[in-house]
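There are 2 protein chains.
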Amino acid sequence: MSYFDVASTAPLHPVARQALNAALDEGWADPARLYRSGRQARMLLDAARETVAEVLGARPDEISFTASGTQAVQLGMLGAVAGRRRTGRHLVHSAVEHSSVLHTAERYAAEGGEVSAVAVDRHGLVAAEEFAAAVRPDTALAVLQSANHEVGTVQPVTEVAAAIGGVPLLVDAAQSVGRLPVPSGWSLLTASAHKWGGPAGVGVLAVRKGVRYVSPLPADERESGRAPGYVNVPAIVAAAASLRAVRAEAERENSRLHALVERIRTQVPRLVPEVEVVGDPVRRLPHLVTFSCLYVDGEVLLGELDKAGFAVSSGSSCTSSTLTPSHVLAAMGVLTEGNVRVSLPYGVAESDVDRFLAVLPEVVAGVRAPLGLDLAAPAAARETLVIDALGKRCPLPVIELAKRIGEVEPGGTVAVLSDDEAARLDVPAWCEMRGQEYLGERAAAEYGRDRGSAYLVRRVG
Amino acid sequence: MSYFDVASTAPLHPVARQALNAALDEGWADPARLYRSGRQARMLLDAARETVAEVLGARPDEISFTASGTQAVQLGMLGAVAGRRRTGRHLVHSAVEHSSVLHTAERYAAEGGEVSAVAVDRHGLVAAEEFAAAVRPDTALAVLQSANHEVGTVQPVTEVAAAIGGVPLLVDAAQSVGRLPVPSGWSLLTASAHKWGGPAGVGVLAVRKGVRYVSPLPADERESGRAPGYVNVPAIVAAAASLRAVRAEAERENSRLHALVERIRTQVPRLVPEVEVVGDPVRRLPHLVTFSCLYVDGEVLLGELDKAGFAVSSGSSCTSSTLTPSHVLAAMGVLTEGNVRVSLPYGVAESDVDRFLAVLPEVVAGVRAPLGLDLAAPAAARETLVIDALGKRCPLPVIELAKRIGEVEPGGTVAVLSDDEAARLDVPAWCEMRGQEYLGERAAAEYGRDRGSAYLVRRVG
Chain V
1 MSYFDVASTA PLHPVARQAL NAALDEGWAD PARLYRSGRQ ARMLLDAARE
51 TVAEVLGARP DEISFTASGT QAVQLGMLGA VAGRRRTGRH LVHSAVEHSS
101 VLHTAERYAA EGGEVSAVAV DRHGLVAAEE FAAAVRPDTA LAVLQSANHE
151 VGTVQPVTEV AAAIGGVPLL VDAAQSVGRL PVPSGWSLLT ASAHKWGGPA
201 GVGVLAVRKG VRYVSPLPAD ERESGRAPGY VNVPAIVAAA ASLRAVRAEA
251 ERENSRLHAL VERIRTQVPR LVPEVEVVGD PVRRLPHLVT FSCLYVDGEV
301 LLGELDKAGF AVSSGSSCTS STLTPSHVLA AMGVLTEGNV RVSLPYGVAE
351 SDVDRFLAVL PEVVAGVRAP LGLDLAAPAA ARETLVIDAL GKRCPLPVIE
401 LAKRIGEVEP GGTVAVLSDD EAARLDVPAW CEMRGQEYLG ERAAAEYGRD
451 RGSAYLVRRV G
Chain E
1 MSYFDVASTA PLHPVARQAL NAALDEGWAD PARLYRSGRQ ARMLLDAARE
51 TVAEVLGARP DEISFTASGT QAVQLGMLGA VAGRRRTGRH LVHSAVEHSS
101 VLHTAERYAA EGGEVSAVAV DRHGLVAAEE FAAAVRPDTA LAVLQSANHE
151 VGTVQPVTEV AAAIGGVPLL VDAAQSVGRL PVPSGWSLLT ASAHKWGGPA
201 GVGVLAVRKG VRYVSPLPAD ERESGRAPGY VNVPAIVAAA ASLRAVRAEA
251 ERENSRLHAL VERIRTQVPR LVPEVEVVGD PVRRLPHLVT FSCLYVDGEV
301 LLGELDKAGF AVSSGSSCTS STLTPSHVLA AMGVLTEGNV RVSLPYGVAE
351 SDVDRFLAVL PEVVAGVRAP LGLDLAAPAA ARETLVIDAL GKRCPLPVIE
401 LAKRIGEVEP GGTVAVLSDD EAARLDVPAW CEMRGQEYLG ERAAAEYGRD
451 RGSAYLVRRV G
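If you're matching them up, the sequences are chains V and E in order.
Numbering follows the UniProt record's numbering, with no gaps: position 238 of the first sequence is 238.
Numbering follows the UniProt record's numbering, with no gaps: position 396 of the second sequence is 396.
It should be emphasised that the hints constitute simulated quantities derived from the structure, not laboratory data.
Just so you know, not all the hints are guaranteed correct.
Since the list gives no way to pick out one identical chain from another, each pair is judged satisfied if it fits inside one copy or across any two copies.
[Stated by the list, open to error] Keeping only pairs whose Cα atoms sit at most 20 Å apart, straight-line, the calculated SDA-like set for lysine to any residue is: (1) Lys-403 <-> Cys-431; (2) Lys-307 <-> Met-43; (3) Lys-392 <-> Val-408; (4) Lys-392 <-> Arg-449; (5) Lys-209 <-> His-258; (6) Lys-209 <-> Ala-132; (7) Lys-392 <-> Pro-60; (8) Lys-307 <-> Leu-34; (9) Lys-392 <-> Met-43; (10) Lys-307 <-> Gly-366; (11) Lys-392 <-> Asp-46; (12) Lys-403 <-> Ala-365; (13) Lys-307 <-> Val-55; (14) Lys-307 <-> Glu-111; (15) Lys-209 <-> Gly-225; (16) Lys-307 <-> Gln-40; (17) Lys-209 <-> Ser-351; (18) Lys-403 <-> Ala-330; (19) Lys-403 <-> Leu-373; (20) Lys-307 <-> Arg-36.
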């Protein structure tokens, strides 16, 4: 079984397993107690808090451990709006937040709060100026995810924080903590250990010093009065240990996973007819990609992929048991049916990804077969050959173009990706000389690259 | 180190450790997912729920797993009063509930609810009729612990439930689940796995079918909408496995622990001057005993006992870091200073208890030494020799009395415990014949026995 659903929960990191068992031996006692085993548990808890604080760029006393990411979001949001009650009762969040944010906002609205949801573009991306425009003098709190849990789009957190001025910003960083650096600008930050390879049962709520916070729950002296109940030291120790481990692995794994996801992003439209890859091609999580297949029931597709040995997810990550259309995809205005989210774990084998790409076309075709549709060939096959000449100096980009244009049928398109300025002149010139049609220049970002341009050529003959 | 603080947290049961590691292998995936590993996690979760339901005498769909006992209490209380809002906004609880109950009641009062605390007797025991007298037509909820967490007194839950009629009763069973059968009569029941040898991070909230419940938290589809956040399947599996295991051991261990606690209850007043053993001597948890030492700072005493190798607790179990006087002891009207709570784990060695009794007198004397007090001999030494003749047929009780009365000084008292009706006539008769003073008959319960009478004799010569 290839597990491609790390955005739901990551397999327990070996370091977490080790730390958990060690802490069950050494840190099982009540950290509030004054005897030796209690003091030992307290020391382990303090050390874990320092580790997490360091990774998040926070002070240890700004960190409270909660029972889950959802609880961190609920407490963070309700505590922050309660702390700012005198300022007003208005809440702003993006339209593509996790359901825990939306549900907490609904509860707030039911109790008299006013809520604005900021629209996103077709890639699920928030625009800082649009977000700022939704903020009012009576806005108590703004909420924005660091990256979207369904489509992987990385949000402009720092820009939004700057644009909204003094309004506290709660950043739901569940999908990025451990993988990407924490963006600056947050006033409150939430995360969930089981998303980064820690155990279940540990969330993080960070509240910057100076941010007004009034607990929405009955009094409890644990975790600075922010998270109630007995403190789960062994799980917290394991969470911190695995956070440190994944941060150390992140750079290497991220570029590897980024390339594997790029392969999926590129290949799926070439292999499967009537499919749409969604989410921002450039500002994206390294390990996550989502696509939607027209004419396909998502639940059936997931079942068939499961039989083929692939665990993937579909639709809104927290409503999959009901399989209602994802509010994220709906807000983006993209296809919501036949939705598949692939999120790759650290250490995934390249061959597993290739096997997925090999199996996917027949699985989708099998699900579609009873419909008796006559589908066109995959859109990408009709469209564009991408020649990646990034980093190559002229005349290499033009030489590649000349060598490979024969791979597309007449009428087909070639995109030459290049970051050499000379290509801007050379490609049109080559077209004129050889009687091919120059179609113009686009950002290479549209092809998932972070620099350079794409020069489009239609093969005429 | 002898760990005598199982009422704070029990060491992880070996079965729990084993089940935890197995479930980390087999049940780590998201139980809301439809692929194989998700379905497997769901099956393990369902099985754990059935186990817990069976032990609690509930239906599986009445059980929700929370993140802690405190969270179970908070959600249970707030959800139940919200569900009964139309009936009224009045809450009744005993004066000796856990701080999580008191804090939730405070929050309820701050938001417009009215709260009545029912007094207890000197043993910390609630009287069913007094509890019922506090209930009014607008009472939304009554809350009563199954057994007190500080002094071990077992409350008359079933009698209270019957006395208050249709008012829902929330029973905080944190200290008794796994050890004693669950009392009947509850409408809501809360518990905490780490108290019975399960892992931290698992609480239980049981809500009887038909009891109105409105979640006080934002919507979340997990755990019947009652407990938010990702479900911690491995910890829940471990909690259920250890619950089953401790229930199977309970009968044997309970009678052993009951006898060891009885030894502490009897010996401490004989060994330490100016000490008061508190809590009901008969209606009590098998493993827990609390005593208070006059002229002693509790924190200092705990520190000295820690140095001597004993981990014990003091005062209110959830405010020990502040060491404010325990609200439980205050409500009982007993001494609150120099308080020590001993709660014995399953499997504790008898020799550890004896070592505690050997060490305690000098530790207390050492703490008191700087005060320069001239303390009388231990009260018990001046008072009563207990002859346990329970189960012995006449004339054995009188023979024991004749043989042992010389052990007390003239003026001292002997209590003959007997369940043979003949003793009621024989002991006074023997006194008249031998010129000793017969003082009368008391319930053997006053000496911690569950049957028989105590016949008191003062040695005259």
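For each hint, the structure was consulted:
no. : hint                : result
1   : Lys-403 <-> Cys-431 : within (13 Å within a copy, 122 Å between copies)
2   : Lys-307 <-> Met-43  : between (47 Å within a copy, 18 Å between copies)
3   : Lys-392 <-> Val-408 : neither (22 Å within a copy, 104 Å between copies)
4   : Lys-392 <-> Arg-449 : within (15 Å within a copy, 92 Å between copies)
5   : Lys-209 <-> His-258 : neither (35 Å within a copy, 50 Å between copies)
6   : Lys-209 <-> Ala-132 : neither (23 Å within a copy, 48 Å between copies)
7   : Lys-392 <-> Pro-60  : neither (47 Å within a copy, 65 Å between copies)
8   : Lys-307 <-> Leu-34  : between (54 Å within a copy, 11 Å between copies)
9   : Lys-392 <-> Met-43  : neither (54 Å within a copy, 55 Å between copies)
10  : Lys-307 <-> Gly-366 : within (13 Å within a copy, 71 Å between copies)
11  : Lys-392 <-> Asp-46  : neither (51 Å within a copy, 58 Å between copies)
12  : Lys-403 <-> Ala-365 : neither (33 Å within a copy, 96 Å between copies)
13  : Lys-307 <-> Val-55  : neither (39 Å within a copy, 37 Å between copies)
14  : Lys-307 <-> Glu-111 : neither (46 Å within a copy, 53 Å between copies)
15  : Lys-209 <-> Gly-225 : within (14 Å within a copy, 33 Å between copies)
16  : Lys-307 <-> Gln-40  : between (47 Å within a copy, 14 Å between copies)
17  : Lys-209 <-> Ser-351 : neither (47 Å within a copy, 51 Å between copies)
18  : Lys-403 <-> Ala-330 : neither (43 Å within a copy, 91 Å between copies)
19  : Lys-403 <-> Leu-373 : neither (37 Å within a copy, 103 Å between copies)
20  : Lys-307 <-> Arg-36  : between (52 Å within a copy, 9 Å between copies)
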